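> All chains, please: the whole structure from these sequences, using the hints.
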Amino acid sequence: MKPWNNKAWLFVLPVLVLVAFSAIIPLMTVVNYSVQDSFGNNEFYWVGLEWFQEVLASERFHNSLMRNLLFSGIILLIEIPLGIAVALAMPRRGWGVSVCLVLMALPLLIPWNVVGTIWQVFARVDIGLLGHTLAAMGVDYNYTQDTLDAWITLIVMDVWHWTSLVVLLCYSGLVSIPDAYYQAARIDGASRWAVFRYIQLPKMRRVLVIAVLLRFMDSFMIYTEPFVVTGGGPGNATTFLSIDLVQMAIGQFDLGPAAAMSLVYFLIILVISWVFYTVMTQQDNESVTDGRAGGGQ
Amino acid sequence: MDLSWMAWTTPTAIFFAVIGSLIALMCVWEAVSPGGQPRKGILQFETTRGDRLFVSLLGSAFINLAWLAWAGPPLWGALGVCVLFAVLVFLFV
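Quick note, the sequences are listed as chains C and B, same order.
In terms of the numbering used here, the first sequence opens at residue 4 and continues consecutively.
In terms of the numbering used here, the second sequence opens at residue 68 and continues consecutively.
Just so you know, these hints were derived from the structure itself, not from any lab.
The structure presented is a predicted model; accordingly, all values stated were derived computationally and were not measured.
Just to be clear, a hint being listed does not mean it is correct.
Incomplete in silico selection of chain C near chain B, CB under 10 Å [said to hold, decoys possible]:
{"no.": "1", "residue": "Val34"}
{"no.": "2", "residue": "Asn45"}
{"no.": "3", "residue": "Phe55"}
{"no.": "4", "residue": "Leu273"}
For each residue, glycine too, the CB sits at the ideal point set by N, CA and C.
See the structure below:
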């Protein structure tokens, strides 16, 4: 087999320079902070790996991490199937397409802090439409005092805000499927499920990789919405890693421990995203290989 | 140019210099002996040389963190495990 020509990567150099200024240099600075202590005035004292040891042994960090993993897991379990279902139900032709696309895009256009504020008011028992209605129906709901209510509020808010993204990505995958596939399925007498399982789902795989990655990374790094809605409470029930990190770095001005924690946080996101990406693109490659093998027979 | 805001230390500078050198070395290797086509190793997924370097570095980060959590500093033992891990990744993954 002829080796790949990787010289085209040289064209990526300008982007790398840009990324260096926007991401790599700040990351280097965080690494430098993580092995030092600072008392302000740009004075630093070498402490070695002390902050990393402190973070790794910290129950506060473990709890925040578990909350983050649980939140991201629930978000993916809801948003991905729901997004696929909505995309399948959306019209492919006619005026309904534009209406659905605009409606789907609307939540994505709202800034994070505004979404948080909307839901903070919406879910309030005294003045909020949702909270007041639930109270009127006799449901004991109060997201400021009950852990489960706070979690449900945050999950519903995130689903409301971000399922549209999954829908739009899946829809783009669905509309790119040529009609010939559906015609062949009709001739074969394929059921609705068979069409979904063997035509639509494989064709959506690429966009689903992007959707899962984006939603995982976003939900794992969520900060603004829970900060505005619950402030991390009640108690620490919704204190995710990002909220904990900001409290540590800006609230307590513990730059060293915060830097160490953010690096561990970064590595966890990196490894989980990489596993997702590898597993899903691998399946994609295998289906392409199988398709070629099948076509050749 | 004043870089004091970046709070550089000699160990962190060495750390980044090593990673930069590894990437540069990979570029030279690729230019001298192209051969970056994917291959399937024991983990049953396709990897190029760059992927294998990424897996080695990412794995090394977690090896160091695990060592630090369970055994504490110094990390020389962890460094040895990382080198062994990288060799195994380049040979078998």
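> Which numbered hints turn out to be false for this structure?
none
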